[in-house]
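**Student:** Sequence order for the protein chains is A and B. With the working numbering applied, the first sequence corresponds to residues 63 to 676, in that order. With the working numbering applied, the second sequence corresponds to residues 131 to 386, in that order.
Do not rely on the hints blindly, as some may be mistaken.
[Said to hold, decoys possible] Partial list, computed: chain A residues near chain B (C-beta under 10 Å): (1) GLY159; (2) ALA199; (3) LEU214; (4) ARG264; (5) SER543; (6) GLY555.
[Claimed, not checked] To give an idea of the interface, some chain A residues facing chain B are shown, with a C-beta separation under 8 Å as derived from the structure: (7) LEU101; (8) CYS280; (9) GLY652; (10) LEU658; (11) ARG675.
[Claimed, not checked] List time: in silico EDC-like cross-link candidates among lysine to aspartate or glutamate, alpha-carbon distance up to 20 Å: (12) B/LYS357 to B/ASP323; (13) A/LYS267 to B/GLU365; (14) A/LYS372 to A/GLU443; (15) A/LYS646 to A/GLU619; (16) A/LYS267 to B/GLU380; (17) A/LYS646 to A/ASP599; (18) B/LYS344 to A/GLU443; (19) A/LYS636 to A/ASP551; (20) A/LYS319 to B/GLU380; (21) B/LYS153 to B/ASP186; (22) A/LYS267 to A/ASP220; (23) B/LYS357 to A/GLU443; (24) B/LYS344 to A/GLU672; (25) B/LYS357 to A/ASP594; (26) A/LYS646 to B/GLU380; (27) A/LYS372 to A/GLU350; (28) B/LYS153 to B/GLU220; (29) B/LYS357 to A/ASP599; (30) B/LYS357 to A/GLU597; (31) A/LYS601 to A/GLU619; (32) B/LYS344 to B/GLU365.
These are computed hints drawn from the structure, not numbers from a lab. Even for Gly, the Cβ is constructed at its ideal location relative to N, Cα and C.
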Amino acid sequence: VALFLALMLVAQALATVAARDGHGYAETIYWLSAGAMVLVLAAVQLSNRPSSRERLGLALALGLALYGVKLLANPTGFTYFDELSHARTAVDIANSGHLLHANPLLPISPYFPGMEIVAVSIAKLTGLSLFASGLLAIGAGRVILMTALYALFLEASDSPRVAGLATVVYIANPSFLYFDAGFSYESFALPLCVAALVLTVRWMKSGFGRRSLALLACVAIVVAGVVPTHHLTGYLFAALAIALCACAVASWSWGGKDRAPWPIAILAAVAAIAWIATVATPTYDYLEPILRPAVEGVANVATGKEAAHKAFSAAPTPQARAPFWLRTTAFASIALILACLPFGLLLAWRRRANPAALLLGAAAIVYVPTLILRVAGSGVESANRSSGFVFLGVGFVVALLMAHVAEHRSLPTLGLGRLRLTIGLRSDSAVGRAAAWGAVLTVVTVLFVGGVTVFWPPYSRLPGPYLAGTDLRAVSQQGISAARWMRQDLGPGHEVLTDRTNGQVAGAYGEQNPVGGSVNDLSIALPFTSSDLNEKDVKVLRGKRVEYLIADRRLSESIPIRGWYFSSSELYAKPYRKPIPLQKLTKFGGIDGIDLVYDDGAIRIYDVSELTRR
Amino acid sequence: MSRRARETALLIVLGLLAGAGVKALDAGTPLRIAAGLALLPVLPWLAASRLGPLSDAERPGERIAAAGAIAVAVAILLGLLLTTTAAGIETDGIVLGMLVILFALAVGGVADERPIRLPTLSGRLLASVTMLVLAGAIAVGAFAIARDRALSQARHESSYAAFLVGEGSRLGVGLSNPRNRPARFVVSDPSTDRRATRVIAAGRTEILRGFLAKPPPLRPIQRLRPKVAHQRRIEVTVFAGGHPVGAPLELSTYAP
Chain A
63 VALFLALMLV AQALATVAAR DGHGYAETIY WLSAGAMVLV LAAVQLSNRP
113 SSRERLGLAL ALGLALYGVK LLANPTGFTY FDELSHARTA VDIANSGHLL
163 HANPLLPISP YFPGMEIVAV SIAKLTGLSL FASGLLAIGA GRVILMTALY
213 ALFLEASDSP RVAGLATVVY IANPSFLYFD AGFSYESFAL PLCVAALVLT
263 VRWMKSGFGR RSLALLACVA IVVAGVVPTH HLTGYLFAAL AIALCACAVA
313 SWSWGGKDRA PWPIAILAAV AAIAWIATVA TPTYDYLEPI LRPAVEGVAN
363 VATGKEAAHK AFSAAPTPQA RAPFWLRTTA FASIALILAC LPFGLLLAWR
413 RRANPAALLL GAAAIVYVPT LILRVAGSGV ESANRSSGFV FLGVGFVVAL
463 LMAHVAEHRS LPTLGLGRLR LTIGLRSDSA VGRAAAWGAV LTVVTVLFVG
513 GVTVFWPPYS RLPGPYLAGT DLRAVSQQGI SAARWMRQDL GPGHEVLTDR
563 TNGQVAGAYG EQNPVGGSVN DLSIALPFTS SDLNEKDVKV LRGKRVEYLI
613 ADRRLSESIP IRGWYFSSSE LYAKPYRKPI PLQKLTKFGG IDGIDLVYDD
663 GAIRIYDVSE LTRR
Chain B
131 MSRRARETAL LIVLGLLAGA GVKALDAGTP LRIAAGLALL PVLPWLAASR
181 LGPLSDAERP GERIAAAGAI AVAVAILLGL LLTTTAAGIE TDGIVLGMLV
231 ILFALAVGGV ADERPIRLPT LSGRLLASVT MLVLAGAIAV GAFAIARDRA
281 LSQARHESSY AAFLVGEGSR LGVGLSNPRN RPARFVVSDP STDRRATRVI
331 AAGRTEILRG FLAKPPPLRP IQRLRPKVAH QRRIEVTVFA GGHPVGAPLE
381 LSTYAP
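So that you can see chain A by itself, here it is in the shape it has in the complex (with noise of 0.2 Å):
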């Protein structure tokens, strides 16, 4: 199984160079190689073969695997929106040793370090670059996510085919592949949180006495370390560890022994809380208009007040928008999660002795309410992000009915008083078994890659040549070299005005402040935007004091992919049928007070310092 997947990570490396050469049968080759990858270790899981310990191997070997593609596709250092926001963090801290610098690019950063404090130390010690550090240390994460859950799965179940089955499930998630892969604090944060998870749930076995408290010793060590790496990440860790109290409550009744992990949910709650009251206290001003629009917009959708968001068909630009196949397949995916889950809960009811499981059944449920973010524009971000942890029950209750079928040929019946419904083969026969097997195999195939289409556009899974309005395809050397001279020769912390991002490389790798949004109903991108400089556009500069104009030529080349190159106040504005003329991009020249300070052939910086200056 390791050389299959050292195989298809070979594969995979052929299809960046294919897309990074401009030929469309990457893409092909991408699918393949990955799916066959998930579909492979989903068979070798489903079979009856493998020990426990294997299973726990061959869910390791396909979490580094699928960590691999991620890798292959960005090997050179930080491209992701996200990616670059904590690199400027590190940044910080490695070259200050001190933490809660302010971070423009992402400020809410700083004030959750722990991701950072780890890829900084291990940069310190090893004499490694941030970005191979990094690496290093979303990879020990990824390790501890995939025991950690085959742990958890196990733990629920009490089988190894289920288990492991659970975790090829839970890669399917549309955050695993590459959002929780990237350099950001809820990949760090999250294989804490499971892991944590794992030594509660064995507390809760635990008898009094010292062990019992050691146990809750190591518990609190990991929640020391979660609750300063991500924030919602915490919260959602007490959550969990109360909805843990009350399922092992609610478990008594049924023939339950596990104690209720009172002293953790506690413990986790006020660890959340006092970092938030005494640290990182702007928390609710960064989550607030993030969490409201979505209610908000879910809300607005129901009363009428506002149009349903349409998945796909939204996508502003024809590059956007996933093929035919592949958004059916998304769709699919919903469906398949859907329609299993009733019958995978039924099944986690059976356990429901065992609070873990009805706690994982619980998360299940909660897929439902996700959903229901997607159908506001303003709840897509939210439900995509939740699904990190959602998968945890999404996961395991369908590994349950998965096994069941594999098992029985037949779906678990469904029963309403005396009404019963039982869906299955018959047949003992070979066929029926292949049957069986086929169906959960195409399952999970479709999970995983319905999973990927719903949060990533066709443009970001693979790397190629610059494409404006994007924030991976965007990243260019240019780029980066110019935000490198800056820091070199024009100092660090200067108000910088562009586009999304080469405002995120300028301030990663350039240490730069790039500023954003408008000033009063002015968008920031005006000034790019109008045909000479006038005195709207010095208000927008002189508002945001800006010091330096980035101006990247390739924008006129072609519209933004995302449909908007600077800011989302641009939205506002019609959407662009045509780039911005490049005479508007570099109208600065000769215009008293700009200086034209930089040019590659790419990228212009204008210093407009003296026009700005109070």
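For chain A, the structure is supplied; the task is to place chain B on it using the hints.
**Tutor:** Chain B only, in chain A's frame:
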């Protein structure tokens, strides 16, 4: 000497060796990387897996996950602690802190009650190990393929650059050649017909000192209503292999 004491001593000795390696070896060398990774996270991970509540874990995965999470969490807590000191997160502090943590974890650990059973050498074992090594080598090869192509794209995207450098009352012109062969830069000021030529070696940057005058500061009213000024434009044409490369680069300042 008991098994517990032997394991504890071995962890501490390895930790001390790793700490010495981090202090003595050059950054980024293979041995230094190995020493650094031994201190964080390998040895603390191993030591944490010997802690009493984890060492008797029955479920596969529990022990690895919990020990790894503890090793990472203590590294985070150490980092937070170090930032309260004047030096902050620095190599010496991390080495000392990780050694103290390793010592505590190693001493607090217990010996596994299960006897150590070395696998008997068999054809199946040899084949498995060979396959694993081969798989690892193939995965590294895949990474090398992808990285090589990514680097070649980065090299292709690397561009010649020109930039202005402030030098008191004058401005210099910086010329950067990131490519892997020398290039000739011709810098011209069309308004004065001034021209200078520099051949810049691969990967080097040079500065033409004091090429033009720096403009005076603007008056407040000029800042509010900027006008098109008399532009001082500098053109930089780059030649590689005797041929011009792309359109001329531009730099400019103003002369109000």
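**Student:** Now, for every hint given, state plainly whether the structure supports it.
**Tutor:** Hints and how they fare:
no.	hint	verdict
1	GLY159	holds (2 Å)
2	ALA199	holds (8 Å)
3	LEU214	holds (8 Å)
4	ARG264	holds (7 Å)
5	SER543	holds (7 Å)
6	GLY555	violated (17 Å)
7	LEU101	violated (18 Å)
8	CYS280	holds (6 Å)
9	GLY652	holds (3 Å)
10	LEU658	holds (4 Å)
11	ARG675	holds (7 Å)
12	B/LYS357 to B/ASP323	violated (25 Å)
13	A/LYS267 to B/GLU365	violated (76 Å)
14	A/LYS372 to A/GLU443	holds (14 Å)
15	A/LYS646 to A/GLU619	holds (13 Å)
16	A/LYS267 to B/GLU380	violated (72 Å)
17	A/LYS646 to A/ASP599	holds (12 Å)
18	B/LYS344 to A/GLU443	violated (49 Å)
19	A/LYS636 to A/ASP551	violated (38 Å)
20	A/LYS319 to B/GLU380	violated (77 Å)
21	B/LYS153 to B/ASP186	violated (36 Å)
22	A/LYS267 to A/ASP220	holds (14 Å)
23	B/LYS357 to A/GLU443	violated (44 Å)
24	B/LYS344 to A/GLU672	holds (12 Å)
25	B/LYS357 to A/ASP594	holds (10 Å)
26	A/LYS646 to B/GLU380	holds (16 Å)
27	A/LYS372 to A/GLU350	violated (24 Å)
28	B/LYS153 to B/GLU220	holds (12 Å)
29	B/LYS357 to A/ASP599	holds (13 Å)
30	B/LYS357 to A/GLU597	holds (11 Å)
31	A/LYS601 to A/GLU619	violated (28 Å)
32	B/LYS344 to B/GLU365	holds (17 Å)
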